[in-house]
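Protein chains: 2
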Amino acid sequence: MKRLETVPAADGFRMPGEFEAHVGCWMLWPERPDNWRLGAKPAQAAFVEVARAISRFEPVTMGVSAAQYDNAVNLLPDDVRVVELSNNDSWVRDCGPTFVKNDATGEVRGIDWTFNAWGGLYDGLYFPWDRDDEVARKICEIERRPSYRTDGFVLEGGSIHSDGEGTLYTTEECLLSPGRNPELTREEIEGKLRDHLGIEKVVWLKGGIYLDETTGHVDNICCVARPGVVLLAWTDDEDDPQYAISKENHDLLLASTDARGRKVEVVKLPLPKPIHISAEESKGVDAVDGTLPRLEGDRLAASYVNFYIANGGLVVPAFGDANDAVAVEVLGRAFPGREVVTVPAREILLGGGNIHCITQQQPA
Amino acid sequence: MKRLETVPAADGFRMPGEFEAHVGCWMLWPERPDNWRLGAKPAQAAFVEVARAISRFEPVTMGVSAAQYDNAVNLLPDDVRVVELSNNDSWVRDCGPTFVKNDATGEVRGIDWTFNAWGGLYDGLYFPWDRDDEVARKICEIERRPSYRTDGFVLEGGSIHSDGEGTLYTTEECLLSPGRNPELTREEIEGKLRDHLGIEKVVWLKGGIYLDETTGHVDNICCVARPGVVLLAWTDDEDDPQYAISKENHDLLLASTDARGRKVEVVKLPLPKPIHISAEESKGVDAVDGTLPRLEGDRLAASYVNFYIANGGLVVPAFGDANDAVAVEVLGRAFPGREVVTVPAREILLGGGNIHCITQQQPA
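These protein sequence lines are chains R and S, in that order.
Take 1 as the starting number for the first sequence in the numbering used here and just add one per residue.
Take 1 as the starting number for the second sequence in the numbering used here and just add one per residue.
Hints are not guaranteed to be accurate.
Since copy identity is lost for identical chains, a pair holds within one copy or between any two.
[Unchecked claim] Dumping the calculated EDC-like pairs for lysine to aspartate or glutamate here, alpha-carbon to alpha-carbon at most 20 Å: (1) LYS2 to ASP70; (2) LYS206 to ASP240; (3) LYS268 to ASP239; (4) LYS268 to ASP251; (5) LYS268 to ASP321; (6) LYS2 to GLU49; (7) LYS206 to ASP251; (8) LYS41 to GLU248; (9) LYS2 to ASP78; (10) LYS2 to ASP79; (11) LYS41 to GLU5; (12) LYS273 to ASP240; (13) LYS263 to ASP298; (14) LYS192 to GLU172; (15) LYS2 to GLU58; (16) LYS206 to GLU248; (17) LYS263 to ASP251.
It should be emphasised that the hints constitute simulated quantities derived from the structure, not laboratory data.
Same shape as in the complex, but just chain R (with noise of 0.2 Å):
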């Protein structure tokens, strides 16, 4: 299918909210062992039920490499379609396209950004992630799409959350870090986003949730409920480093007004007791060079906040917390007329993301 060398903002083109209607959502399969516990099997078992929550609200595409399809394709559901589609691991927000919807005409295009495993030879996840770097537009063509190539902009979709009238929330620690565009300033990323993107204005937060590997993606730590609303990871816990994290970004939020004109609204999701990897889970996982280890006692970035939004439902992670309870009444409250599932997470967040960065949706 065509590649595009315009920019989707001139073309006519912007990014809807995610809480816009879907013609369905993408997934990857996890396997890589030196990511993934025991052969990646928890995980597998994990993303299958993920799956499954979804396609109760939209069709989902399971993306496979050919070695696993087999094993996929008898694991999954029936309704799920499942598709070869080579990776380096199964991260489809920040590897997949960004897809972007000319309101007058009806069509939907994908935005196919440079991919450099988080961070590249600066500081990024893994060596190589060439497979990774083609996921968009090998998706753009199994569904006919046209792509856009951002010729060395590298991002990811899980470091940007469009409210899909104007305005887009981002972090600092993200889009500013030397291991994304260091050879631009904070104004010509701002110029690289509106150009793709369509949006007027960029609320830009400063940190991701605590020690979050992909050096502080917005979705882990903030998202949008509705143009004007959005969610913000909480803790009471004053001793806790998050507290002073989420302190900041809360009163950034308070102080700021939306593309619209909008004062933002925020509300508080409380996160989850901190989680650690324990000795059996640190055990399952290959210790590769080059690929970032998974020790016993590391904490991990769990957050409620990184939950999936689908046509008519929300799918949520629960980590066996107290929490749990109190996260899917908040989200309840935040988007009435959906239905909140919650899926249990914990083997997706061993591998450094949850709910959120293994989907991405198409627009309808």
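Following the hints, position chain S against chain R.
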């Protein structure tokens, strides 16, 4: 997507004629160096021209291994969709799904025949063929079509032609070969064809093109122009071993009636002069134990019958033979209203088949 345990005919499905309307055409990218000379580069160029020709009439999807994806996407025209699809070789007519249609609902499903590389351990052309045997299912997944898996029943799409009105044309040489379903009688095989293809009558030709390595596929010697009218590969040279084969089929066909009771009309389509593998062509192929060798002087199974019927067009192999023009003329008369396009096909022929063998229509 769903795997069905019923059979298509019982569910109200029939195999349309190739001349009925398509939503598009599937192909697979050639790459194995033990079948295609010079690392398959000349064959790839020929496949590109076939894809380009067909895409003038209907959408084309090219399935490509992960290893060849970048190369294929760079060589193919923009309007060809390129998807990852691992395979053992590029004969999607034979390993791909046979699509069947329910005229009452408009629904299209795929039949996923068991594939054994044209003869399995008896006289198959290569080993293994596991990737090929999954191609049909993977195509159905991409297209979100339920598929019927014919547990153990071996068939290639190139060994059958449907008139869409209850008649199936095939050859005894292929379907009764010990390399296919030796445990089944001719009557049991007819039963499988009826159950799966919704046909009422099988017209059995004897043999295929002389030395055809597919064990005499019908799609290289005879095809349906429209219900009641078939094209038959023909030579007037009585010294050519092909003469007796074509003559026997000719007389059989003339003595046949189809499922609707019509006397079958036969249009002779002349063959090109015999074509042989050159020393240079033979040298370019990796010699590998267990794969059919490509030896200097071997006669190739060239035939104009091995063309593709697209929406509003025909894509026909050209051999640089005096009969190229005759074939175009005969085909133009047999398919009024369709544009006849030729593509130089020697490089496809060198791999053991032709344009019909490397294409698979998906009905509208």
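Hint by hint, here is what the structure shows:
{"no.": "1", "hint": "LYS2 to ASP70", "in the structure": "between (31 Å within a copy, 14 Å between copies)"}
{"no.": "2", "hint": "LYS206 to ASP240", "in the structure": "within (17 Å within a copy, 82 Å between copies)"}
{"no.": "3", "hint": "LYS268 to ASP239", "in the structure": "within (18 Å within a copy, 89 Å between copies)"}
{"no.": "4", "hint": "LYS268 to ASP251", "in the structure": "within (12 Å within a copy, 84 Å between copies)"}
{"no.": "5", "hint": "LYS268 to ASP321", "in the structure": "within (17 Å within a copy, 77 Å between copies)"}
{"no.": "6", "hint": "LYS2 to GLU49", "in the structure": "between (35 Å within a copy, 18 Å between copies)"}
{"no.": "7", "hint": "LYS206 to ASP251", "in the structure": "within (11 Å within a copy, 83 Å between copies)"}
{"no.": "8", "hint": "LYS41 to GLU248", "in the structure": "neither (39 Å within a copy, 59 Å between copies)"}
{"no.": "9", "hint": "LYS2 to ASP78", "in the structure": "between (32 Å within a copy, 5 Å between copies)"}
{"no.": "10", "hint": "LYS2 to ASP79", "in the structure": "between (29 Å within a copy, 7 Å between copies)"}
{"no.": "11", "hint": "LYS41 to GLU5", "in the structure": "neither (41 Å within a copy, 28 Å between copies)"}
{"no.": "12", "hint": "LYS273 to ASP240", "in the structure": "within (10 Å within a copy, 84 Å between copies)"}
{"no.": "13", "hint": "LYS263 to ASP298", "in the structure": "neither (38 Å within a copy, 80 Å between copies)"}
{"no.": "14", "hint": "LYS192 to GLU172", "in the structure": "within (15 Å within a copy, 64 Å between copies)"}
{"no.": "15", "hint": "LYS2 to GLU58", "in the structure": "between (27 Å within a copy, 16 Å between copies)"}
{"no.": "16", "hint": "LYS206 to GLU248", "in the structure": "within (7 Å within a copy, 82 Å between copies)"}
{"no.": "17", "hint": "LYS263 to ASP251", "in the structure": "within (12 Å within a copy, 86 Å between copies)"}
The earlier numbered hints that this structure contradicts are 8, 11, 13.
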